[in-house]
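Enquirer: Sequence:
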Amino acid sequence: MYINRSIILDASSSNVRPGCKDIWNAFMAEGATFGFHDIPFCPTTAKHIPNRQVTWEEAKQIHKKHISRKEYDYYEDAFVNWYLDDYKFDGNHGIWHDYKFVLRVLRHFAGAITPDFSTNQDFPEPIKIYATYRMRLYGYWLGKENIEVINNVRWGTEETFDYCFEGIPVNSVIAIGTVGGGPRKLIDRERFEKGLYKMVKILHPHTILVYGSANGSCFDNLREQGIQIISFPSKTAKFFEERN
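Per the numbering used here, residue 6 is the first one in the sequence shown, and the count goes up by one each step.
FYI, nobody ran anything at the bench for these hints, they're computed from the structure.
A hint or two may mislead.
Restricting the straight-line Cα-Cα distance to at most 27 Å, the calculated cross-link-like pairs of lysine-lysine (DSSO-like) are [unchecked claim]:
#1 Lys105 to Lys93
#2 Lys206 to Lys52
#3 Lys69 to Lys26
#4 Lys65 to Lys206
#5 Lys65 to Lys105
#6 Lys203 to Lys105
#7 Lys70 to Lys26
#8 Lys26 to Lys206
#9 Lys93 to Lys206
#10 Lys69 to Lys206
#11 Lys203 to Lys75
#12 Lys65 to Lys75
#13 Lys149 to Lys65
#14 Lys203 to Lys69
#15 Lys65 to Lys93
#16 Lys105 to Lys199
#17 Lys240 to Lys206
#18 Lys52 to Lys240
#19 Lys149 to Lys69
#20 Lys75 to Lys105
#21 Lys149 to Lys105
#22 Lys93 to Lys149
#23 Lys26 to Lys75
#24 Lys70 to Lys203
#25 Lys52 to Lys26
#26 Lys26 to Lys93
#27 Lys52 to Lys65
Have a look at the derived ranges for each label pair, beta carbon to beta carbon [claimed, not checked]:
#28 Ser177 to Arg57: 32 to 40 Å
#29 Tyr79 to Glu164: 13 to 21 Å
#30 Ile28 to Asn56: 46 to 54 Å
#31 Asp127 to Ser218: 20 to 28 Å
Think of the CB as a built atom: it goes at the ideal place given N, C-alpha and C, for glycine as much as any other residue.
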């Protein structure tokens with residue numbers, strides 16, 4: 006169940022203390038509905054399956070190249086993802102604060118996978134919940150700004166299952182990343198597979214986009230259930246493929 010909440014969004018409102026600044030990006034939540042854990046609901050606004058994916062780092066390089074050539078109306082038929090170490094897109098100069106720049110770049114691309122803020126198993130629980138909150142809120146806001154959005158799903162250990170799937174439409178296309186930690190590493194495999202099967206049980210996705218390897222028995226089981234699995238090579242995999 007999702008409910009509406011009254012949120013103060015206008016810093017000029019008489020209800021807001023003079024000089025108060027919105028450091029929490031509350032404006033992004035205008036019109037949003039929230040679930041049990043106050044995770045915003047993020048609709049899937051993508052109208053088609055991506056032809057390819059690029060990371061935020063690659064997208065910035067592409068943008069810089071075109072702008073330097075004064076190609077201000079360029080278009081890249083790719084969805085942008087954030088399957089990167091958090092320090093490469095979060096922090097004082099990251100996407101949470103420099104959201105206007107993010108929007109300028111994304112308008113040149115086919116769409117975006119919602120940000121992949123980490124929910125690492127050794128993180129305190131409030132940080133993991135806040136990471137999930139930001140994933141959904143950022144995606145919801147991008148959708149309002151007419152960016153085609155597909156929800157990224159990220160889970161940690163079993164305690165995150167209570168909230169990490171919240172805010173995502175049932176029976177839709179979703180995205181996950183297997184770069185870094187996933188079924189390829191034995192130490193992560195059990196945790197990954199538990200979360201994957203729990204996600205399918207709760208969200209019933211008809212299509213799962215996988216950034217990285219989609220090999221393994223867990224994905225074979227999902228294919229047998231009729232779920233479409235589409236994998237996209239990671240930046241590292243593309244590098245070695247080109248070198249070979």
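Enquirer: Mind listing which of the numbered hints don't hold for this structure, in increasing order?
Expert: Hints 3, 4, 6, 7, 8, 9, 10, 11, 14, 16, 17, 23, 24, 25, 28, 29 and 30 are the ones this structure does not satisfy, whereas the remaining hints hold.
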